[in-house]
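Engineer: Those sequence lines, one after another, are chains A and B. In terms of our numbering, the first sequence is residues 1 to 310. In terms of our numbering, the second sequence is residues 311 to 630.
Note that these hints are calculated values from the structure, not bench results. Any given hint might turn out to be false.
Stretch-level coverage of chain A by chain B, calculated; a stretch enters the list once three of its residues show a Cβ under 8 Å from a Cβ in chain B [to be verified]:
{"hint": "1", "segment": "190 to 204"}
{"hint": "2", "segment": "210 to 218"}
{"hint": "3", "segment": "288 to 300"}
Every residue gets a Cβ at the ideal spot worked out from N, C-alpha and C, and that includes glycine.
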Amino acid sequence: MLRFLTGRLLRAALTIAMVVTFAFIVLRLSGDPAQIIMGADAPPEAVEAFRAAWGLDAPLWQQYLRYFGAILHGDLGRSMRDGRDAITLVAERIPATLALTIPALVIKLSIGIPAGILAALHRNSLLDRLVMALAVAGFTVPSFVLGLLLVLVFAVQLGWLPSGGQESWRHAILPIITMGVGGAAVLARFTRSAMLEVLGQSYIRTASAKGVPWRDVVWGHALPNAAIPTVTIVGFMVGSLIAGAVVVESVFSWPGVGRLLVVAVGNRDLAVVQCILLLVAGTMVASNLVVDLLYGVLDPRLRAGKMGAQ
Amino acid sequence: MSLVQIRGLAVSFAGQPALRGIDLDVAPGEALGLVGESGCGKSVTWLAALGLLPGKARVTGSVRLGGMELLGAKAATLEQVRGGRIAMIFQDPASSLNPVHRIGRQITEALSLHQGLSGAPARAEAKRLLDAVGMPDAQRRLDAFPHELSGGQNQRVMIAIALAGRPEVLVADEPTTALDVTIQAQILDLLQGLRREMGMALVLITHDLGVVSETCERVAVMYAGRIVEEAASGQIFAHPAHPYTQGLLGALPPLDGERRPLMAIPGGVPEPWAMPPGCAFAPRCPHARAACLQAVPELADLHISHRAACILAAEAPVLA
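Kindly produce the complete structure, drawing on both the sequences and the hints.
Structural biologist: See the structure below:
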C-alpha cells in the first residue's frame, strides 16, 4: 500500500512538473508580456524597465529555473498587472467558481447516474431511446451554444432569469444548468454502458438462479460492479470542479477562476496563468489519486491479494 | 410420478426457433443426462423452465414442478423455486460468481433467501456447506473473493450455493467443461455423492458422452432444438437407435481394443432459419430416405423406456 502510494505521488509530481514546464514554454512563446501589459504605444525605455523589473530580460532557461525554484519554495509569483500575489488573486475567485461547479456536479450525478441505470434496465424500450437521444443531444451541443440558447429563451424571451453577472443566486441558475446538462449526458451514457456490460455477465444470471429478487440483483449485484467504470468519469468531473467552468463563466460573465484565466492569458499575466494551471493540474491529479484508491475499495481484484490462489 | 414435467416447450429468439417442442420428465432423485452439441438447446431448456432467459425470448409450452406451472408464474413464485426447489450451476465457475462479493456472502445470501438464516447461524451453515463440497480450509475461504480461488474451488462454491436451498433438482450446465480433467472427475464424484446423500435429482447438461455414461441413469439426446432419443444409460450406449446418437457414439475413441479411425458425422447442424421441413438430421443422415424429408418424426416408444424420433428406428427391431 505504501509503495503504491509513493509510486502514485511521484507520478503525480512528475505530471505537475510537466504541466508547469509546458505552461511556461507556451506562454513565453506566444507573446511578450511586457509589450502587451505596457501597451503597444509605450516608450521602449518603459518596456525595458518593465522587463528588468520582472526578470524578463534574463535568458529563457534562467527564467525557467528561477520560476521552478520559486514554485518549489511555495512562491507562485505576483501578477504583472496589479502586483498582488497570484495565489491570492486566484484564491479569491475559487468560491465563485465552486458556487457553480458544485451544484452542477450534484445535477450531473443525480440525473446522469439514475438515467443511465434506468436506460440500461429497460434496454431498447421507449424510455431507453428517449434517455439516449437526450444524452446525445446533451453532450454534442457545446456548452457555449447551450448557454446562449438558455439566455435567449429564459433571459431574453421570457425574462425570468438574468443573462449574466453575479448579483444573486438567480444569476447562478442558468450557468449551473448549462454545465449540469452536458455532464449528466456524459454520465448517463457511461452508466448505461457500464450497467449493460455488467447485466450481461454470468454472475447476474447466477444471482437470479439463486432466487434473488430482480431488485436486489440490480442493487446488490449489478450496481457495485457497474460503479467501477463509472467512478473514473465521476473522478474526472470532481477533478475539474475548480477549472471546469472556463467557457460557461465567460458566457455568463461569472467572475470565477475560469474568467480570471481567460483574462490573464489575454494579458500574458504569466504568474496568474501558471498559478491557475498548477491548481488545475493539482486538483486533477489529486482526484485521480482518489479514484485509484477507490478502485481498490470497489474492486477486490485490484487489491493486493491477502489469501492468494492456491 | 415425475417431479418436473416439461411438455411442448418451445423457445424462439427474434422469431428464430431455438427449442422446437421438448417433452422431458425428471423423476425424484434420478440422474438424467442431457446430451447434444453446442446450440442444440440443452441449456435453453432449463433457463426457459426457470424463467432465466432474456426478455426478448418467446417461450411457450408447459413446465410443471410437482403440480405447479412455472411458465408465466409470478416473479415471487419463481424466486422461491429458483435456488430453492431447482438449483442451477453453470459452465464457467470463475465468471459465475460475483467478483466483488466474498464467497461467504454469496452463500449466505442463498441461505437467507431459502432457509431464513442470517448472521452467525448462516455463516456456520455456509462453512458446513463448504466442508460438504470438499473445500479445504472452509472457515478461511468464507472471506475469500472468487478471484482468490481456483476454477475447481469456485465450482465447489457454486455447488455449495446450489445446495443452500436444499433443492429437489440440481441442474448442472456443463459443470466441468471449463475445468481440467482431474478436477472434472472430482466435481462429478462430488455431484454424484451429494445426489445420493440429499436424494435430489441431478440433470447433467453436457456434450461429453463419457461424463454421462459414468454419472447418469438415463440419457436424453438433443439435436437442433428437439429430443431425438431418450433411454436408460446402458441401453443407449449399447443399442443407440437414432442415427445421430449412433454417429455421436461412433465419434468416441474406444478405450480398449484395436485403434480405429474415429467416425465423423458429415455436414453441420442446420441453422435455425434454414431448418429442413422433415427430420432435422436427415441432410446428414447416412440412412435418410424420401419419407424423412416429409414430416418431423415423432418421439416414439421403441422399447420399455427407450424412445427415438426416427422413422427408421421405429421400423427396425430393437435390441435390449
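Engineer: Flag every earlier hint the structure violates by its number, smallest first.
Structural biologist: none
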